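Visitor: When we follow this note's numbering, the leftmost residue of the sequence shown carries the number 161, and every step to the right adds one.
No wet-lab data here; the hints were simulated from the structure.
Just so you know, not all the hints are guaranteed correct.
Quick list of simulated restraints, FRET-style, between CB atoms [said to hold, decoys possible]:
1. Leu224 to Asp203: 18 to 26 Å
2. Pro167 to Asp203: 29 to 37 Å
3. Gly206 to Thr226: 18 to 26 Å
4. Gly206 to Tyr171: 38 to 46 Å
5. Asn166 to Leu200: 21 to 29 Å
Remember, it's a predicted structure, so these values are computed and weren't measured experimentally.
Glycine is no exception: its CB is placed at the ideal position from the N, C-alpha and C atoms.
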Amino acid sequence: VAVKVNPLSHYTQQPIVTMTGECIDDQDIEIESYDFDQSLLQDAAGETVVQETLHSHLLKSNCLITNQPDWGSVEIAYH
């Protein structure tokens with residue numbers, strides 16, 4: 161069996177909605193914790209106002225019945 165995975169950008173002419181904003185899928189990050197950490201929100205309400213739209217095509221969850229992965233896309237706009 162051979163499988164080829166193409167990036168979503170290969171399907172711009174297909175009836176798939178193109179998400180707005182910046183795609184964060186290629187960010188060079190390292191996840192240190194998958195739990196809620198309130199300290200990350202410290203000083204989040206500063207004077208600088210940020211308004212942006214970000215999206216990712218790497219949203220993953222596992223089916224509660226089969227434990228098989230489900231993949232999706234998510235778009236977040238905030239200010």
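Visitor: Do the Cβ positions of Pro167 and Asp203 conform to the proposed distance bound of 29 to 37 Å?
Guide: 35 Å, holds
Visitor: Within 21 to 29 Å or not, the Cβ separation of Asn166 and Leu200?
Guide: 34 Å, violated
Visitor: Could you see if the CB distance from Leu224 to Asp203 stays within 18 to 26 Å?
Guide: Between Leu224 and Asp203, where Cβ atoms are some 37 Å apart, the hint is violated.
Visitor: How does the Cβ-Cβ distance of Gly206 and Thr226 compare with 18 to 26 Å: does it lie in that range?
Guide: 45 Å, violated
Visitor: So does Gly206 sit 38 to 46 Å from Tyr171, Cβ to Cβ?
Guide: 39 Å, holds
Checked against the numbered hints above, the structure violates hints 1, 3 and 5; every other hint is satisfied.
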